[in-house]
Amino acid sequence: MSNQRQLFQRLFEDNSKKVYHLCYGYTGDSDSANDLMQETFIKVWQNLDKFRNQSQFSTWIYRIAVNTCLSYLRTAKRRATDELNDTIIENYTEEPSEKQEQVALLYRSIAQLEENERIIITMVLDEIPYPEIAEVAGISEGNLRVKIHRIKHKLTEIYNSNERV
Amino acid sequence: MKEFDEIQQLWHRQEPEPNVSFEAILKRIKGNKAALARKLLWQIVAVAPATIILLWMIIAVQFSTWTTYLACVIMVGCVCYYFFTQLADYHNIRKSHHLLAKPQDYIHYLKAFQQKRNHFNTRNYAVYEACIAVAFALYSIEMYFVLPFWTFVGSIIFIVFWFLICHFVFMKQYIHSENERIEEMIENLERIKGQFRDA
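Sequence lines, in order, name chains A and B. All the letters of the first sequence, read from the start, carry residue numbers 1 to 165 under the UniProt record's numbering. All the letters of the second sequence, read from the start, carry residue numbers 1 to 199 under the UniProt record's numbering.
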């Protein structure tokens with residue numbers, strides 16, 4: 001039990017931030033992202049004994065996180081919309097700085113992508129290796145590279161057009 | 001105008017961080033277990049007395065017609081069916097190996113699960129409702145011999161009226177909203193499944 005706890009704690013410390021980014025990118029608001037991150041790690045705990053060393057722990061955790069995000073759309077009729085991202089700015093206690101506003105704009109731009117694009121791009125932004133992203137998304141690496149190229153272009157365009165507004 | 005590299009730098013400088021600690025998650029894991037156990041306990045608390053009373057009636061009360069015994073058996077069957085279906089559902093939710101599947105397979109599972117739930121909440125519930133109606137109809141034969149005529153007529157009118165309200169008002173509304181909900185959900189799942197297609 002204590003070994004399992006130690007392992008779980010290590011997994012949490014190593015992966016929680018990236019899982020949170022993934023959930024934030026997917027949902028577009030921090031409260032839901034925190035909920036989904038918690039839910040993901042609860043499932044990680046419940047399934048620790050099922051981990052078979054066929055992939056890295058991080059890949060396995062991302063897979064659970066992605067599927068948890070997909071369930072989110074199913075259970076809540078919420079979608080990442082522009083107004084949700086206003087909460088990103090509201091979450092700061094002080095006057096939002098230019099950098100914070102840019103981050104909020106970035107999340108707002110990610111929210112305008114399709115669901116699988118949001119998942120892929122947050123992993124790309126977090127510099128997760130392509131083979132790992134391909135495994136998490138369940139697509140071939142070749143296909144992933146094509147998708148990433150397209151999503152990067154699309155996100156850059158959306159971000160720049162949002163910045164102009 | 002920003003290039004993607006600049007956007008990526010911005011991403012790495014972001015401040016939003018998870019505000020959930022490791023301890024909070026462990027606490028919630030324990031809480032979840034307790035909540036599930038509590039929910040199951042309440043289900044048992046609700047179902048057990050009803051089953052015991054019905055079984056006691058079958059054994060201890062001398063009914064004058066066999067149709068009443070049959071009505072009791074149908075009622076026990078309905079209550080047990082409801083209870084075991086709930087139990088199976090909890091078990092399925094906890095059996096989360098689907099979570100480790102590829103996203104496209106997971107979406108397929110979600111779709112199948114939702115459709116199954118929809119059948120249970122609509123079609124199976126209609127069968128359940130019909131069984132209870134049959135049980136009441138069978139019991140009314142006994143009531144006919146026991147109760148004064150007008151009391152009997154009044155009771156039958158009340159029961160029929162109640163069933164009609166349940167079926168044509170509550171049930172219709174429920175099925176309508178449930179079907180609408182499931183259609184939207186399936187539509188969303190289909191759309192996302194299309195996005196994950198490996199082509």
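By construction, these hints were calculated from the structure, which means they are not laboratory data. One should not assume that every hint holds.
Here are the computed lysine-lysine pairs in the DSS-like style, where the Cα-Cα straight-line distance is at most 27 Å [said to hold, decoys possible]: (1) Lys154/A - Lys43/A; (2) Lys154/A - Lys193/B; (3) Lys50/A - Lys102/B; (4) Lys43/A - Lys2/B; (5) Lys193/B - Lys152/A; (6) Lys172/B - Lys111/B; (7) Lys116/B - Lys2/B; (8) Lys50/A - Lys172/B; (9) Lys154/A - Lys116/B; (10) Lys39/B - Lys17/A; (11) Lys43/A - Lys39/B; (12) Lys172/B - Lys116/B; (13) Lys2/B - Lys102/B; (14) Lys43/A - Lys17/A; (15) Lys43/A - Lys116/B; (16) Lys27/B - Lys39/B; (17) Lys99/A - Lys152/A; (18) Lys50/A - Lys30/B; (19) Lys43/A - Lys27/B; (20) Lys111/B - Lys2/B; (21) Lys99/A - Lys17/A; (22) Lys154/A - Lys99/A; (23) Lys2/B - Lys17/A; (24) Lys30/B - Lys17/A; (25) Lys50/A - Lys2/B; (26) Lys27/B - Lys152/A; (27) Lys50/A - Lys17/A; (28) Lys154/A - Lys50/A; (29) Lys111/B - Lys50/A; (30) Lys102/B - Lys154/A; (31) Lys172/B - Lys99/A; (32) Lys111/B - Lys193/B; (33) Lys39/B - Lys102/B; (34) Lys30/B - Lys43/A; (35) Lys102/B - Lys116/B; (36) Lys102/B - Lys152/A; (37) Lys50/A - Lys27/B; (38) Lys43/A - Lys172/B; (39) Lys116/B - Lys17/A.
Only a predicted model underlies this, so the values are computations on that prediction, with no experimental measurement involved.
Tested hints:
In summary, the hint linking lysine 154/A to lysine 43/A is not supported, as the alpha carbons are separated by about 33 Å, beyond the 27 Å threshold. For the hint linking lysine 154/A to lysine 193/B, the alpha-carbon distance of about 20 Å falls within 27 Å, and the restraint holds. The straight-line distance between the Cα atoms of lysine 50/A and lysine 102/B is roughly 15 Å, inside the 27 Å bound, and the hint therefore holds. A C-alpha spacing of about 38 Å is found between lysine 43/A and lysine 2/B, which places the hinted pair above 27 Å, so the restraint is violated.
Pair hint lysine 193/B plus lysine 152/A holds up; C-alpha atoms about 21 Å apart against a cutoff of 27 Å. Of the supplied pair hints, the one linking lysine 172/B and lysine 111/B holds, its CA atoms being roughly 23 Å apart against a limit of 27 Å. For the given pair, lysine 116/B sits about 48 Å from lysine 2/B by alpha-carbon distance, which is inconsistent with the 27 Å threshold. Proximity of lysine 50/A to lysine 172/B is assessed by CA-CA distance (about 43 Å); at most 27 Å being required, the pair is judged violated.
This hinted pair does not check out: lysine 154/A and lysine 116/B have alpha carbons roughly 38 Å apart, beyond 27 Å. At most 27 Å may separate the alpha-carbon atoms for a hinted pair to count; lysine 39/B and lysine 17/A exceed this at roughly 33 Å. Our distance criterion of 27 Å between C-alpha atoms is met by lysine 43/A and lysine 39/B, whose separation comes to about 20 Å. For the suggested pair lysine 172/B and lysine 116/B, the alpha carbons sit about 19 Å apart, so the restraint of at most 27 Å is met.
Under the criterion of a C-alpha separation no larger than 27 Å, the hint pairing lysine 2/B with lysine 102/B is inconsistent with the structure, at around 34 Å. At most 27 Å may separate the alpha-carbon atoms for a hinted pair to count; lysine 43/A and lysine 17/A meet this at roughly 17 Å. The hinted pair formed by lysine 43/A and lysine 116/B meets the criterion: a straight-line CA distance of about 23 Å does not exceed 27 Å. Straight-line distance between C-alpha atoms of lysine 27/B and lysine 39/B comes to about 18 Å, which keeps the hinted pair within the 27 Å bound.
Straight-line distance between C-alpha atoms of lysine 99/A and lysine 152/A comes to about 20 Å, which keeps the hinted pair within the 27 Å bound. Pair hint lysine 50/A plus lysine 30/B holds up; C-alpha atoms about 20 Å apart against a cutoff of 27 Å. At roughly 14 Å between alpha-carbon atoms, lysine 43/A and lysine 27/B fall within 27 Å of each other, so this suggested pair holds. Distance check on the hinted pair: lysine 111/B and lysine 2/B sit about 40 Å apart at the alpha-carbon level, beyond 27 Å; violated.
Between lysine 99/A and lysine 17/A the alpha-carbon distance is near 19 Å, which keeps this suggested pair within the 27 Å criterion. For the hint linking lysine 154/A to lysine 99/A, the alpha-carbon distance of about 22 Å falls within 27 Å, and the restraint holds. Restraint check for lysine 2/B and lysine 17/A: the C-alpha separation of about 25 Å stays at or below 27 Å, so the hint holds. Between lysine 30/B and lysine 17/A the CA atoms are separated by roughly 23 Å; this keeps the pair inside 27 Å, and the hint holds.
About 44 Å separates the Cα atoms of lysine 50/A and lysine 2/B, which puts this hinted pair outside 27 Å; it is violated. The hinted pair formed by lysine 27/B and lysine 152/A fails the criterion: a straight-line CA distance of about 39 Å is larger than 27 Å. Restraint check for lysine 50/A and lysine 17/A: the C-alpha separation of about 23 Å stays at or below 27 Å, so the hint holds. At roughly 38 Å between alpha-carbon atoms, lysine 154/A and lysine 50/A are farther apart than 27 Å, so this suggested pair is violated.
Of the pairs offered as hints, the one joining lysine 111/B and lysine 50/A holds, with about 24 Å between alpha carbons and a cut-off of 27 Å not exceeded. For the hint pairing lysine 102/B with lysine 154/A, the CA-to-CA distance comes to about 25 Å; that is within 27 Å, so the pair holds. Among the hinted pairs, lysine 172/B with lysine 99/A is inconsistent with the structure: their alpha-carbon atoms are about 53 Å apart, more than 27 Å. Annotation: proposed proximity of lysine 111/B to lysine 193/B holds, straight-line Cα distance about 10 Å (limit 27 Å).
For the proposed pair lysine 39/B and lysine 102/B, the alpha carbon gap of about 31 Å is over 27 Å, so the pair is violated. At roughly 13 Å between alpha-carbon atoms, lysine 30/B and lysine 43/A fall within 27 Å of each other, so this suggested pair holds. Among the hinted pairs, lysine 102/B with lysine 116/B is consistent with the structure: their alpha-carbon atoms are about 21 Å apart, no more than 27 Å. Proximity of lysine 102/B to lysine 152/A is assessed by CA-CA distance (about 23 Å); at most 27 Å being required, the pair is judged to hold.
Proximity of lysine 50/A to lysine 27/B is assessed by CA-CA distance (about 22 Å); at most 27 Å being required, the pair is judged to hold. The straight-line distance between the Cα atoms of lysine 43/A and lysine 172/B is roughly 37 Å, outside the 27 Å bound, and the hint therefore fails. For the hint pairing lysine 116/B with lysine 17/A, the CA-to-CA distance comes to about 36 Å; that exceeds 27 Å, so the pair is violated.
In summary, the structure is inconsistent with hints 1, 4, 7, 8, 9, 10, 13, 20, 25, 26, 28, 31, 33, 38 and 39 from the numbered list given earlier, while agreeing with the others.
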